[in-house]
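Chains A and B supply the protein sequences, listed in that same order.
Start counting the first sequence at 273; every next residue gets the next number (our numbering).
Start counting the second sequence at 177; every next residue gets the next number (our numbering).
Please keep in mind that the hints were generated in silico from the structure rather than gathered at the bench.
All of these numbers come straight from a predicted model, not from anything done at the bench.
Every residue gets a Cβ at the ideal spot worked out from N, C-alpha and C, and that includes glycine.
Among these hints, one or two may not hold up.
[Claimed, not checked] Computed, partial: chain B to chain A, Cβ under 8 Å: (1) I242; (2) K318; (3) F351; (4) T441.
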Amino acid sequence: MKRKIFLMSFSILFLMTWISPVHAAKSPYKIGVNLELTGPWAEITKTLKNAMVMEVEKINAKGGINGRPLELLFEDNGFDVGRAAANMTKFTRDKDILLVVGPFEDNLQATTRAIAEREKIANIIICPSNPMVRDLKQQWAFNIAQSDIIVSQKLVDLSIARKYKKVLVFHGAWPLAQSLAENFKRFGEAKGIKVIISPETHKPTDIDMTPQLTKMKPVIQKEKVDAFYACTGGPPGPIITKNLRALGIKTPVLGTHAFGFGFIIALGGEAMEGVEFPAAKPVVFDQLDENDPVKPVNIDFDKRWTQRYGTPSDQIAGYGYDIIGLIEDALKRVKGKVTRSGLRDAFENTKGFKGTHGIYQFSPTEHDGLSKKDLVFVRIEGGKFKRIQFPGTE
Amino acid sequence: MVDQVHKEFRKRDLLYSGALWLLSLILPDPQLHYRREYQFRKRDLIYFLTIIALPMIWSDPHFHHIMVLAGIHAILALGLTLFLGYAGQISLGQAAFFGIGAYTMAILTTRCGVPSLPAFWASGLTASFFAYLIGRPILKLKGYFLALATLGFGEIFLVMVRESPGLTGGVIGIFDIPYFSLAGFIFDTYLKQYYLIWGILMGLALFSKNLIRSKMGRAFLAVASSEDGASAVGIDVSRIKLSVFVIGAAFAGLAGSLFASVMSTANPETFSLNLSVLIVMMVILGGMGNLYGPIAGAIFLTWLINGLSRYQEYSLPIYGVILILLLVFFPDGIGTRLRVRLIYLISYSGRKRRREKVEL
Chain A
273 MKRKIFLMSF
283 SILFLMTWIS
293 PVHAAKSPYK
303 IGVNLELTGP
313 WAEITKTLKN
323 AMVMEVEKIN
333 AKGGINGRPL
343 ELLFEDNGFD
353 VGRAAANMTK
363 FTRDKDILLV
373 VGPFEDNLQA
383 TTRAIAEREK
393 IANIIICPSN
403 PMVRDLKQQW
413 AFNIAQSDII
423 VSQKLVDLSI
433 ARKYKKVLVF
443 HGAWPLAQSL
453 AENFKRFGEA
463 KGIKVIISPE
473 THKPTDIDMT
483 PQLTKMKPVI
493 QKEKVDAFYA
503 CTGGPPGPII
513 TKNLRALGIK
523 TPVLGTHAFG
533 FGFIIALGGE
543 AMEGVEFPAA
553 KPVVFDQLDE
563 NDPVKPVNID
573 FDKRWTQRYG
583 TPSDQIAGYG
593 YDIIGLIEDA
603 LKRVKGKVTR
613 SGLRDAFENT
623 KGFKGTHGIY
633 QFSPTEHDGL
643 SKKDLVFVRI
653 EGGKFKRIQF
663 PGTE
Chain B
177 MVDQVHKEFR
187 KRDLLYSGAL
197 WLLSLILPDP
207 QLHYRREYQF
217 RKRDLIYFLT
227 IIALPMIWSD
237 PHFHHIMVLA
247 GIHAILALGL
257 TLFLGYAGQI
267 SLGQAAFFGI
277 GAYTMAILTT
287 RCGVPSLPAF
297 WASGLTASFF
307 AYLIGRPILK
317 LKGYFLALAT
327 LGFGEIFLVM
337 VRESPGLTGG
347 VIGIFDIPYF
357 SLAGFIFDTY
367 LKQYYLIWGI
377 LMGLALFSKN
387 LIRSKMGRAF
397 LAVASSEDGA
407 SAVGIDVSRI
417 KLSVFVIGAA
427 FAGLAGSLFA
437 SVMSTANPET
447 FSLNLSVLIV
457 MMVILGGMGN
467 LYGPIAGAIF
477 LTWLINGLSR
487 YQEYSLPIYG
497 VILILLLVFF
507 PDGIGTRLRV
517 RLIYLISYSG
527 RKRRREKVEL
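Put together the whole structure using the sequences plus the hints.
Have a look at this one:
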């Protein structure tokens, strides 16, 4: 008797799971997120995750898209190629997942992008740089960050405006920094600037650059370089500047768009004064022109971010806003039933979406959403980011 | 040991029984070192059929993909268990040989247009060549010093890869490595790669099984227990150590070339110290001094890490706690401890019957 009851209840439970409303009308749009939530990028990806969660909650509170909520499924890839690829196959297996965001690091992106092409699922990536990957002309990968090409072009504009004739580049030993240095040399020499790429490099974990800079000091003095380009991101930026000033070198320092974080100034202190770099608009959103369409977006986002997390927003959080905004925008434009290919086509036809970073334009030939217009020049003055403008370069 | 650890049948053994039965399929043979010649047993047939049938029963690309990764890790762990588990030496540079294999495959197939199979063998050869070169001097070291020297080799390898962009693509690495292909047959899905990798793993496991049964294999055990004792009975200790190091490196090189062709990329971030430590962990968790334990450890850890991915930023602490608990409760490896329990359980009913007979 007991056994019968047990069997009955078990079968009922089993049937209940079977009948559960998986394919009901109000089932959510699912988005897979494949990020380095542990490992060296943990802080940055956490910011990105928080921003995406905040935006999705806002959309769902308003009743979702086409009456259906949006759902994010997070997987940590632990900065490992194998795990990133395995997460990607996990996402492609679930037929309800329409699109995958991430990973963040370009080494991992190469593999996941190849899987995205094969399995036909759109993959949104942040900070791609690999020239070899770019040449593949992949149809399913979309980049939402400023590419290394436009950053280098903008930096060449800055050097011309400052009348620098000779620039020494000290780049990091990772793909993004390397391709930024090479693109700067390519575009700079086309405009008549002499660019010397130093054979010395540094790693993201280096906490003292004095050995490399001591070797470069004779070059700086002999060649009489006009500017020193610290082609790096994260903590190495302020470390290089500090070590450079400690060695008594007064050459102006140029930076990359990855200098636009508050912690850079906190780490570098006095030494960071006068460093100039092309930056994304969220870095100095309060100093943008009054008629800039991006300004109200940033002010609204920063208000909500500060309210919820208690810290000022930064450009990485801005990417989170832009990713969810672009997905919402594309989902609204899909006609009929939403499929992976339908969403991809809608995403590819994004025209003039106003994000925090700028105005996104995608097309079948251009999968980098932002352009040179979406960058501004920034100078560090008095411990703050200050926008600088040169006539004719905006 | 059996009688010391467990005295009687406990109720919770009923809970274990399912898992224990599964483990009985992968557990090592306790009589291994005493058997004279290799016999094909029923258990081997069960392994073989399980490996063949599993991806068909569990027909899911994600499962295939993880098992492909687990198979690659298992080949690495198998190579290391010969060195660590049998010969008793420690190596923290296994990732470097893995990397050498991957880069050999990448360079030969993308730049020189060499077919996959010759490139695969070349990877093993290159890795063992480098192992021979560095093994000659560093294998004179013992214990911690050997661990440090192999660790240093791993770091030197990474620096060399990063600083020679002409050959290895520098920090960017090499992309678009073609899939493994054999006489026109391309292993382009995870299912095909699963059979490729587990087939190679079976071959290598058979090779290792024969190796440890041979005169050389017994010499490994002698060296592990006492180097002085081994040399006293006429074993050339340095030669034995060098050869097992070279064999382990060749396994790692083969695994690396498979990894490169599965992932279609090779870049220096993959071959860091983390991987070396992971492989050592697999061998220790699986149980040292047997062949199937590390394979089980590799499968277990690969699944554990991927299963924890959903816990996002908490995945690392949870992983750490699980490892600590496993090492606290299974200090000689999951395989070894549960095997003891299993032998006890299998013989339980027989002993009970005998006891009852005596009482009557």
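Hint check:
{"no.": "1", "hint": "I242", "result": "holds, 6 Å"}
{"no.": "2", "hint": "K318", "result": "violated, 31 Å"}
{"no.": "3", "hint": "F351", "result": "holds, 5 Å"}
{"no.": "4", "hint": "T441", "result": "holds, 5 Å"}
Violated hint for the displayed structure: number 2, the only one.
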